[in-house]
Amino acid sequence: MSTVMKSRKASDIIVRHTEPEAVVIGVSAGGLKALSAILPTLPADYPLPIMIVIHLPPDRNSMVAKLFDDKCALTVREADDKEDILPGHVYFAPPDYHLLIESDRRLSLSSEEPVLFSRPSVDVLFETAADVYGEGLIGIILTGANPDGAAGLKQVIKAGGRALVQRPDLAYASAMPEAALAMSPQAESLTLEQIADELIKAVQV
Numbered sequence: 001m002s003t004v005m006k007s008r009k010a011s012d013i014i015v016r017h018t019e020p021e022a023v024v025i026g027v028s029a030g031g032l033k034a035l036s037a038i039l040p041t042l043p044a045d046y047p048l049p050i051m052i053v054i055h056l057p058p059d060r061n062s063m064v065a066k067l068f069d070d071k072c073a074l075t076v077r078e079a080d081d082k083e084d085i086l087p088g089h090v091y092f093a094p095p096d097y098h099l100l101i102e103s104d105r106r107l108s109l110s111s112e113e114p115v116l117f118s119r120p121s122v123d124v125l126f127e128t129a130a131d132v133y134g135e136g137l138i139g140i141i142l143t144g145a146n147p148d149g150a151a152g153l154k155q156v157i158k159a160g161g162r163a164l165v166q167r168p169d170l171a172y173a174s175a176m177p178e179a180a181l182a183m184s185p186q187a188e189s190l191t192l193e194q195i196a197d198e199l200i201k202a203v204q205v
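Heads up: the sequence shown runs through residues 1 to 205, numbered per the numbering used here.
If you're looking for bench data, these hints aren't it; they were derived computationally from the structure. In this text the structure is predicted, and so the values were computed from the model without any measurement. Each hint should be verified, as a subset may be incorrect.
What the hints assert, rightly or not - No more than 30 Å apart at the CA atoms, straight line, and that leaves these computed lysine-lysine pairs for DSSO-like:
| id | residue 1 | residue 2 |
| --- | --- | --- |
| 1 | Lys71 | Lys33 |
| 2 | Lys33 | Lys66 |
| 3 | Lys71 | Lys82 |
| 4 | Lys201 | Lys33 |
| 5 | Lys201 | Lys71 |
| 6 | Lys158 | Lys201 |
| 7 | Lys82 | Lys66 |
| 8 | Lys201 | Lys66 |
| 9 | Lys158 | Lys66 |
Unchecked claim - Pair by pair, the computed Cβ-Cβ distance ranges are:
| id | residue 1 | residue 2 | range |
| --- | --- | --- | --- |
| 10 | Asp80 | Ala44 | 20 to 26 Å |
| 11 | Leu86 | Pro40 | 28 to 34 Å |
| 12 | Lys82 | Asp169 | 37 to 43 Å |
| 13 | Ala202 | Ser36 | 19 to 25 Å |
| 14 | Asp96 | Val203 | 28 to 34 Å |
| 15 | Lys33 | Val203 | 36 to 42 Å |
| 16 | Asp81 | Asp169 | 35 to 41 Å |
| 17 | Ala73 | Phe117 | 30 to 36 Å |
| 18 | Ile200 | Gly134 | 21 to 27 Å |
| 19 | Asp197 | Leu32 | 26 to 32 Å |
A virtual CB, placed ideally from N, CA and C, is assigned to each residue, including glycine.
Go ahead and model the full structure; you've got the sequences and the hints to work with.
Right, here's the structure in full:
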């Protein structure tokens, strides 16, 4: 099934000159394991803020931020409405709220209608982040069982940002990365380990 399933070689990856400013990640089924291969690898002085949407049941409190705060060198927290986005912090969308990036680079929460049956929606986060950060944004789609995030990742690319997608053949649930690559075949299809490495290399001088 084609080259999009295969991990790209380092020589295939486009060299970028715009300094990255932020990272957004979308993930669903199998997400805890996938994120555990990435977030704990980032050092305490990692400078970029990371905003994450993970699809969770809306009717219970999430302990995901606490789980990762305990295992990561970075500060990990559940996003609050209107809070400033700080360097080197990881923000998870709360269950049943869309997470948006405002033009003044603050977080915003919304209870508007679900998008693709999802609230929080990966598309909503990615599209608002692309509007704000443009070429300075890195968008990442990981394992998941629905197409949420495909349209958002396309907007990241359209704004000049960088797009990384977990290899569908290695994902717990392939629908989300497959949809992202189908809509944005120019995205880099990588293993989780390669994605973690690329995040670190992106901020090295």
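- Item | Numbers of unmet hints, in rising order | 9, 11, 15 and 19
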